[in-house]
Amino acid sequence: MAEGFLGYVLPWGQMSYWAANVILSLFGAIPFIGPDLQVWIQGDFVLSGITLSRFFALHVVVVPLLMIALVVFHIFALHEVGAGNPEGVDIEKYRDKKGMPLDGAPFHPYKTFGALPAIGIFFIVFFAIVFFAPTGGGYFIEKPNFEEANFLKTPEHIAPVWYYAPFYSILRAVTFGIPFLGITSKFLGFIIFAASIAILFVVPWLDRSNVQSIRYKGMYSKIAMILFAASFITLGYLGTKPVNELRTIIAQICTVFYFAPFILMPIYTKYEKTLEVPDRL
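If you want this note's numbering, it's the 1-based position in the sequence shown plus 9.
No wet-lab data here; the hints were simulated from the structure. Bear in mind the structure is a predicted one, so any value in this text is a computation, not a measurement. Among the clues, some could well be false.
[Claimed, not checked] Keeping only pairs whose Cα atoms sit at most 25 Å apart, straight-line, the calculated DSS-like set for lysine-lysine is: (1) Lys-152 x Lys-162; (2) Lys-120 x Lys-102; (3) Lys-282 x Lys-231; (4) Lys-162 x Lys-195; (5) Lys-250 x Lys-152; (6) Lys-107 x Lys-120; (7) Lys-195 x Lys-250; (8) Lys-106 x Lys-120; (9) Lys-250 x Lys-162; (10) Lys-279 x Lys-231.
Produce the entire structure from the sequences given, and follow the hints as far as they go.
Given below as structure tokens:
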């Protein structure tokens, strides 16, 4: 997400400029340190060429190197503990004479060549968009972004890129603060926005079930998955549309449904009835 956001700002179009303004202003909403933190990130009191140069360096060098490092660590871990499987079956129980899992598959050629069909489909879709629909109907490249950034002219509707729309919708859904704690609606929105991303990283600790695959999980887990998917898609749609009272209410309801499956996960995964997982694949 950081790589996508940094790259989105680089064209320095109207939508890029004002979207960056919205996101960076969130850091300014943090109590006490916010204004200074925002200036430190921007490198200036306003978005300027200094900010653009910083984002270019981060987008082209720093973040890609971090991503490459994560890929390398992932491959090392994959060779150390082996890959999982969609069934959630532990293949370590049954081994051959050499000590290798009977249901295991070597990384090469099964993982390397096995990914080629998916890579081929990706490139077909990718080049079809690049050559025939680069703007994606305004979802990939917005019309205002063909105009040069102008800090004196605010777009009528500041819309995020489609893949950030659900999280942006969560941010906009927070219209209240906690005054006695000194928390404004903007800062609370930033907290919930960050939590909507961070909560995905703690799912392995929230899930108390002894079953990994959704195929063998109970009814509550399946309902929670449907609820999460429906709320995520709805939030994504609302995030691309201008704000009004009805859309704000729907976004607030969907935000509750977005978090509910994660918050309640330790309860329903612990007590729901699951199917028996087979011993072997």
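Structure-based check of all given hints:
1. Lys-152 x Lys-162: 15 Å, holds
2. Lys-120 x Lys-102: The given pair, whose Cα atoms are some 22 Å apart, holds under the 25 Å limit.
3. Lys-282 x Lys-231: 12 Å, holds
4. Lys-162 x Lys-195: 22 Å, holds
5. Lys-250 x Lys-152: OK: Lys-250 and Lys-152 at ~14 Å, within 25 Å.
6. Lys-107 x Lys-120: The given pair, whose Cα atoms are some 21 Å apart, holds under the 25 Å limit.
7. Lys-195 x Lys-250: 19 Å, holds
8. Lys-106 x Lys-120: Answer holds: Lys-106 to Lys-120 is near 23 Å, not above 25 Å.
9. Lys-250 x Lys-162: 20 Å, holds
10. Lys-279 x Lys-231: Given pair Lys-279, Lys-231 holds - Cα atoms ~14 Å apart, limit 25 Å.
Going through the hint list in order, the structure satisfies each hint without exception.
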